[in-house]
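S.K.: The residues making up each chain are set out below.
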Amino acid sequence: MPAPSRSRTIGLACAVMAPLLALTACGGAGATSPGSAGASQTASSAGTDSRPSAAVVTDYLSYVGGKEGAADAGLAPVTVGWVNVEGGPAGNPEATQGAQAAVKYVNEKLGGIGGHPLRLNVCTVASAEEEGQKCGQQLLGDKNVSAIAVGNLFLGDASFNSVVAGTKPVLVGVATGPTMSTAKNTFSTFGDLPHIFGTWGTYARDVLKAKSAAVIHTNTPGDKIASGAAVKGLEAAGLTVKSVGFEAQAVDLIGPVTAAGAMTADVVVPISLGSGCVGIAKALKQLNVSKPVVSTPLCLSPDVAQGLGGDLPAWTYGIAQTLPMDASAADSKAFLTASAPAGLDYATQSKVFAPLGWSTILTYAKVLNAVGADKITPAAVTEELKKFSGPVVMGAAEVQCGKYQDAPAVCNDQSRFYQYEGKGGFKPLTDWIRPAR
Amino acid sequence: MEQILLFAVLGLGQGALIAGIALGVVVTYRGSGIINLSTGAVAMASAYAFWSLTTGFFGFTLPVGPAAAGALVVALAVGVLTEVAVFRPLRTSSPLAKLAGSLGVLLTMQAGVLLIFGTQPQQAPSILPADTITFLGLTIPSDRFVLTGLVAAIALALGAVYRWSRFGLATRAASENEQAALLAGLSPNGVSLANTLLAALVAGLLGVLAAPIVQVDSITLPLQVVPALAAALFAGFTSLGVACTAGVLIGVSQSILYYLSTQSWFPTDNGNAMPGLQQLLVFALMVVALYVRGAGLPRRGEAVEQRLPAVPLPDRLLRPALVAAAVAVVALIVLPFDFRQALTNSMIGMVIVLSYVVITGYVGQISVMQLALSGTAGFVLSHLAVRWGVPFPFSALGAVLVATLLGVAAGVSALRVRGVSLAVVTLAAALAVEQALFNNTSFGGTAGVTVPPPTLFGIDLGPKADFRGLDGNEPSPLFGFLVLAVTVALGLYVAHLRRTGLGRQMLAVRSNERAAAAAGIDVRAVKITAFAISSFIASAAGTLYGYNFGSVSAARFTALAALGLIGFAYIGGITRVSGALAAGLMSTGALLPHALEKWFGIKGTWALLFGGVSLVVTLIANPDGIAGAAHRRKTAKKAKSPEVFRGFTPVEVKEVTS
Numbered sequence: 042m043p044a045p046s047r048s049r050t051i052g053l054a055c056a057v058m059a060p061l062l063a064l065t066a067c068g069g070a071g072a073t074s075p076g077s078a079g080a081s082q083t084a085s086s087a088g089t090d091s092r093p094s095a096a097v098v099t100d101y102l103s104y105v106g107g108k109e110g111a112a113d114a115g116l117a118p119v120t121v122g123w124v125n126v127e128g129g130p131a132g133n134p135e136a137t138q139g140a141q142a143a144v145k146y147v148n149e150k151l152g153g154i155g156g157h158p159l160r161l162n163v164c165t166v167a168s169a170e171e172e173g174q175k176c177g178q179q180l181l182g183d184k185n186v187s188a189i190a191v192g193n194l195f196l197g198d199a200s201f202n203s204v205v206a207g208t209k210p211v212l213v214g215v216a217t218g219p220t221m222s223t224a225k226n227t228f229s230t231f232g233d234l235p236h237i238f239g240t241w242g243t244y245a246r247d248v249l250k251a252k253s254a255a256v257i258h259t260n261t262p263g264d265k266i267a268s269g270a271a272v273k274g275l276e277a278a279g280l281t282v283k284s285v286g287f288e289a290q291a292v293d294l295i296g297p298v299t300a301a302g303a304m305t306a307d308v309v310v311p312i313s314l315g316s317g318c319v320g321i322a323k324a325l326k327q328l329n330v331s332k333p334v335v336s337t338p339l340c341l342s343p344d345v346a347q348g349l350g351g352d353l354p355a356w357t358y359g360i361a362q363t364l365p366m367d368a369s370a371a372d373s374k375a376f377l378t379a380s381a382p383a384g385l386d387y388a389t390q391s392k393v394f395a396p397l398g399w400s401t402i403l404t405y406a407k408v409l410n411a412v413g414a415d416k417i418t419p420a421a422v423t424e425e426l427k428k429f430s431g432p433v434v435m436g437a438a439e440v441q442c443g444k445y446q447d448a449p450a451v452c453n454d455q456s457r458f459y460q461y462e463g464k465g466g467f468k469p470l471t472d473w474i475r476p477a478r
Numbered sequence: 018m019e020q021i022l023l024f025a026v027l028g029l030g031q032g033a034l035i036a037g038i039a040l041g042v043v044v045t046y047r048g049s050g051i052i053n054l055s056t057g058a059v060a061m062a063s064a065y066a067f068w069s070l071t072t073g074f075f076g077f078t079l080p081v082g083p084a085a086a087g088a089l090v091v092a093l094a095v096g097v098l099t100e101v102a103v104f105r106p107l108r109t110s111s112p113l114a115k116l117a118g119s120l121g122v123l124l125t126m127q128a129g130v131l132l133i134f135g136t137q138p139q140q141a142p143s144i145l146p147a148d149t150i151t152f153l154g155l156t157i158p159s160d161r162f163v164l165t166g167l168v169a170a171i172a173l174a175l176g177a178v179y180r181w182s183r184f185g186l187a188t189r190a191a192s193e194n195e196q197a198a199l200l201a202g203l204s205p206n207g208v209s210l211a212n213t214l215l216a217a218l219v220a221g222l223l224g225v226l227a228a229p230i231v232q233v234d235s236i237t238l239p240l241q242v243v244p245a246l247a248a249a250l251f252a253g254f255t256s257l258g259v260a261c262t263a264g265v266l267i268g269v270s271q272s273i274l275y276y277l278s279t280q281s282w283f284p285t286d287n288g289n290a291m292p293g294l295q296q297l298l299v300f301a302l303m304v305v306a307l308y309v310r311g312a313g314l315p316r317r318g319e320a321v322e323q324r325l326p327a328v329p330l331p332d333r334l335l336r337p338a339l340v341a342a343a344v345a346v347v348a349l350i351v352l353p354f355d356f357r358q359a360l361t362n363s364m365i366g367m368v369i370v371l372s373y374v375v376i377t378g379y380v381g382q383i384s385v386m387q388l389a390l391s392g393t394a395g396f397v398l399s400h401l402a403v404r405w406g407v408p409f410p411f412s413a414l415g416a417v418l419v420a421t422l423l424g425v426a427a428g429v430s431a432l433r434v435r436g437v438s439l440a441v442v443t444l445a446a447a448l449a450v451e452q453a454l455f456n457n458t459s460f461g462g463t464a465g466v467t468v469p470p471p472t473l474f475g476i477d478l479g480p481k482a483d484f485r486g487l488d489g490n491e492p493s494p495l496f497g498f499l500v501l502a503v504t505v506a507l508g509l510y511v512a513h514l515r516r517t518g519l520g521r522q523m524l525a526v527r528s529n530e531r532a533a534a535a536a537g538i539d540v541r542a543v544k545i546t547a548f549a550i551s552s553f554i555a556s557a558a559g560t561l562y563g564y565n566f567g568s569v570s571a572a573r574f575t576a577l578a579a580l581g582l583i584g585f586a587y588i589g590g591i592t593r594v595s596g597a598l599a600a601g602l603m604s605t606g607a608l609l610p611h612a613l614e615k616w617f618g619i620k621g622t623w624a625l626l627f628g629g630v631s632l633v634v635t636l637i638a639n640p641d642g643i644a645g646a647a648h649r650r651k652t653a654k655k656a657k658s659p660e661v662f663r664g665f666t667p668v669e670v671k672e673v674t675s
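Taken in order, these protein sequences are the chains called A and B. Add 41 to a position in the first sequence, counting from 1, and you land on the number used in my numbering. Add 17 to a position in the second sequence, counting from 1, and you land on the number used in my numbering.
What the hints contain is simulated information worked out from the structure, not anything from laboratory work. Zero decoy hints are in this set.
Chain A regions said to be covered by chain B (calculated; three or more residues, Cβ under 8 Å): (1) 179 to 186; (2) 258 to 265; (3) 293 to 306; (4) 310 to 319.
Where a beta carbon is used, it is the ideal one built from N, C-alpha and C, also for glycine.
Given the sequences, and given the hints that come with them, work out the whole structure.
M.R.: This is the structure:
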């Protein structure tokens, strides 16, 4: 009998992330209800994109090295395995939608893979660890699959990786499942939360000039790993840190916020989601704490806005991705323009995992084209992925896979920081910045 | 000191919530003699109703007042439905069956809210004042005092009702001696209904008021029943005042313990606060409560003698086992990989349920810890194999030994505890093990731990072994054969156990411990042996689980999953090996759910709903479970056969009912 899991991982946290467009609409006058789409794109960003054009992927054709036009439907398809958590109590079907839109785009506009149509062998995990094993077996057993892509596999990743075990390469946007970062022949182009947390130290030291930090995190496996990384990153930047956890179901967080020393720290770092973010925001308000708060994007969800009376907390958010609604960003514009005719509506485009799925498939298109349609084998794809150094679609300009020995799958440790200005407005504060040294 | 005072006051909110649910538990027990595990779930249903009515979930929005009233109506409706559809039909059932019935209600309600509202936790608006007050220089939310005061007022009001009203008198009469109350013209059904509604109202009110304390989801409020049970144990399931006070103090203690755990001098788990301290506190308090109050719950002098499921003497063992094994061997080779895996999962599920057959079916003790023992064995296996390089099968045997010792230790410490009390205390223990042990990085950890494949004389016996099925894919049938061998061996042993003197002693203990002792049976030795056997079996399942997935993670061994497994054990037939087989086929990732998903697209939460409803229906209509019904049909068929008609019975068929 599948009982709902009590623990909430980072992945599950990601699972509840909702249309950012919709949530930004919560705060506007005459705002639409949470979950609905329709807010203006122009309400998004107040900043400008200072990144060099070479660091930003906007020309998908040259990026993947394809030929303009449609793939030859008469040729044998190149099959990529696709695994995602969806169809159950929690999940991110938009990741699969983003991937499928990318496949359509590659086949219709980018000439497929060397002329061969690209197709996905999709396997989904609904609610049980056992289903990850089933997906691994399914994709391992499909001889046509030489490469596997992953959406948001926060559940079933341990058994999936145990089965695949490096036999076929796995490409994933964000490594959310606890075992993804250490899995063999796995490549995470956006990294994982523990490794991008190093940039919190850089930001706190160089931008905020902070000397002390209060980290308040949910006591879930993923958030505990993330908080440990945040503490490490902040301490590496020379800050003194106190980290305090709280139970996932708690919303009365005056105690944890007090225990973490938020009232005296120079910067507050919440690592939670949903009601945890609401509880921290309310506690900070009740305790009259006005210090800068630098959060993860996990607090960017409609339930947080709803819990706070209609709008998101006006905090700073560190994100390992260019926000889709950042209208100043050239890569966001390219994504929105290209993915719309491929089947993604704006509400879906605005969800974090849709551009990640899109990005992952386009990265594979680039890699598979480089290998050559007739030479695709798991080993060849793995070798090509090892050479991949970016830029990443909607991601960092440069990545380095295998940089971390304790997390060989992590290719990225950079993030960008955005300031939420209320009523749906995000202002980019930084370009991609690296962890403190 | 100020900080401790602050956290003590902050803990009043959580304490009030626990106290409120404890009041609901006590009221239900006084009215019907049922320990209602679904009391927290009623609060959950009410909280969801309140949230949905105030946020426009159903397309319209109500003001806070009418929405709160609507939520209370929902709570009452749940109470009526529970009483009429579950508790009343189970009135003549054993306390264990009643407890399992409330478990069925809990699972059904969880599945219901997941299907209706989804899994995303929600934040209901607070109807309590959100302002803070300054007390001794500390900023404290005023709602903590309001909430505690409200719960205290409810306790006082309920106490007054029970003390001075005719209804209260009737309830007390029924709770002390149901037979006498019946003779005095009181309706136990009416008393039970009124008390269930009262409990639902209290729990529903707490669900509405709990917004400033906890989020609305399918787990948090239902699990508040565990500390509430600790408070109810202190109250002997009778005293409202003690239940209320104990509940508040538990919340305050948890809050202070939390504060202490954030201090630099307090031991940490790799820099983080030690996990599971609050669950450990609740477990410890339950042990103290049982020591202080005595292990038994107040008897009611029930009007109808309660019956436990039959435990038939198995007629044949080897032949059906060999036939089933032969079918499984063929299936493991010819089935496609997904069904091959589902069959392997089914067998592992069957092994875990076999442990329930021994401890619950044969000895009448519900131990929610069985799955926790499986998890313990899995984690120990990883440590032995990976950290210390102990080869198979010694690593597996060592893991089973360690977990079995833990199970025996739990059994020894619970010797004074029996029946539903044991179920309650082992539920708390399972939660404590899950939170404090499995989530501790020194033992389990956040990302789980790896388990290398079993290798014997250089031959890989794991799922990745070279020998594949007809489709050439993983998992290897070889691993299936290994699991099959363990399953058949343990199944035969458990079936054979029923035939032995020890098995008969277990049934005697199940039936009546005092009578068994009077008959010269060493009740303690029998119970410890039963704990050892069932722990061994559960631990074996844990090692198989580890090999199956190549890893062990805490998420697979939660207390909620254990409750679900007990539900399936009841549905299958908790007193029979064939019942374990049926339950195994229904367990997570097993053949039945896999087939339902593959062929009909039914998965996830629907299976939870199916399990909850099936459990209730089974307990009411067919307490012997699927296997019991099959056995009855078989026995009836034999009774009609000519040999039996002539007075010649070819096979001895005995049933023990008690």
